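Please put together the full structure from these sequences, using the hints given.
Residue numbers (full-length UniProt numbering), protein chains in the order written: chain A, 1 to 219; chain B, 1 to 123.
Okay, the calculated bits of chain B under chain A, using three or more residues with CB under 8 Å as the criterion:
1. 49–62
2. 65–76
3. 86–95
One side only, chain A facing chain B, incomplete, derived with CB under 8 Å:
4. K132
5. Q133
6. G136
7. R139
8. R140
9. K158
No wet-lab data here; the hints were simulated from the structure. Note that the structure is a prediction, hence the values are computed from the model and not measured. C-beta atoms are modelled at their ideal positions from N, C-alpha and C, and glycine is treated no differently.
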Amino acid sequence: MCVDWDTVLHVNQEIMTSTHDLSDNEADDQQQSESQMEPLSANGISYAGIATQNVQYATPSQLGTGHAVVPPTYPYPDPYYRSIFAPYDAQTYPPQPYGGNPMVHLQLMGIQQAGVPLPTDTVEEPVFVNAKQYHGILRRRQSRAKAESEKKAARNRKPYLHESRHLHALRRARGCGGRFLNSKKDENQQDEVASTDESQSTINLNSDKNELAPSDRTS
Amino acid sequence: MMDNVGGSSSNIAENSGIIREQDRLLPIANVGKIMKQILPPNAKISKESKETMQECVSEFISFVTSEASEKCRKERRKTVNGDDICWALGSLGFDDYAEPLRRYLQRYREQELDRANNPPKRG
Numbered sequence: 001m002c003v004d005w006d007t008v009l010h011v012n013q014e015i016m017t018s019t020h021d022l023s024d025n026e027a028d029d030q031q032q033s034e035s036q037m038e039p040l041s042a043n044g045i046s047y048a049g050i051a052t053q054n055v056q057y058a059t060p061s062q063l064g065t066g067h068a069v070v071p072p073t074y075p076y077p078d079p080y081y082r083s084i085f086a087p088y089d090a091q092t093y094p095p096q097p098y099g100g101n102p103m104v105h106l107q108l109m110g111i112q113q114a115g116v117p118l119p120t121d122t123v124e125e126p127v128f129v130n131a132k133q134y135h136g137i138l139r140r141r142q143s144r145a146k147a148e149s150e151k152k153a154a155r156n157r158k159p160y161l162h163e164s165r166h167l168h169a170l171r172r173a174r175g176c177g178g179r180f181l182n183s184k185k186d187e188n189q190q191d192e193v194a195s196t197d198e199s200q201s202t203i204n205l206n207s208d209k210n211e212l213a214p215s216d217r218t219s
Numbered sequence: 001m002m003d004n005v006g007g008s009s010s011n012i013a014e015n016s017g018i019i020r021e022q023d024r025l026l027p028i029a030n031v032g033k034i035m036k037q038i039l040p041p042n043a044k045i046s047k048e049s050k051e052t053m054q055e056c057v058s059e060f061i062s063f064v065t066s067e068a069s070e071k072c073r074k075e076r077r078k079t080v081n082g083d084d085i086c087w088a089l090g091s092l093g094f095d096d097y098a099e100p101l102r103r104y105l106q107r108y109r110e111q112e113l114d115r116a117n118n119p120p121k122r123g
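In structure tokens, the structure reads:
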């Protein structure tokens, strides 16, 4: 619950700065948290008896519980959650006046929708999801299954997009450490390397994707 | 955002064959830049993180868009517009995101009106 509220604050800030894509990013986190309805409902219920700080502290353990159920989702919330935690500390007082109505509202929602069990291919425990998203999830599953059956090649992730660019990169002169020899591009690639842990294929992918970005915007 | 949605759907329609990776996913460099905006300046993002986020955000776009598209199908409309996306977010329980998106859409339309009323002078 607190996580959702902080996300809302972030979304508002992002909209004010008109960085709309970032709200997409946060929306995705919202979807992931929604897909684990148990922590959300538990969080909503537990809020009634626990203070704000305690709830903030309790959430990580609940995320840990979610981790037990869905291990792959564990790494994602950490960096995002850490970044949210700081502004929450900074704004310990302002959220409370806002918090009244959303709390009651979400508590009611939690009571009304305990979560719908979602059928899974594996015979493990059922995953409970938001009832509003149940049909959408099933629809997307069918779409993905159809796409995979029709076009199996789509799953393969290529190391590069364009053969000619790849060959050109192979031909370029490289200095010690494997970076390209060029005064201007050295700085650019240092930035790129700083943002990513991998060196060569990442540089190629980034440059190719950068070229793709304008065409994507055009289309 | 609307352009992106329209573009990707038209791309899928064009390629009756294989859906290429660059059509199914957002560009990984753009995803990395967006992720970097929220992190401290000296933070590093692994390629695995970017690829994972790439899959997540692309799936979320398809998830919301399919909800909006279903609404358009029922109403026998062919064009998915911004209001349909806002409605879909609310319908899927993302009410906290639908409201900021409506405000964004309103300001976007105001800007479009300004451009229409004041066309740029051609040199």
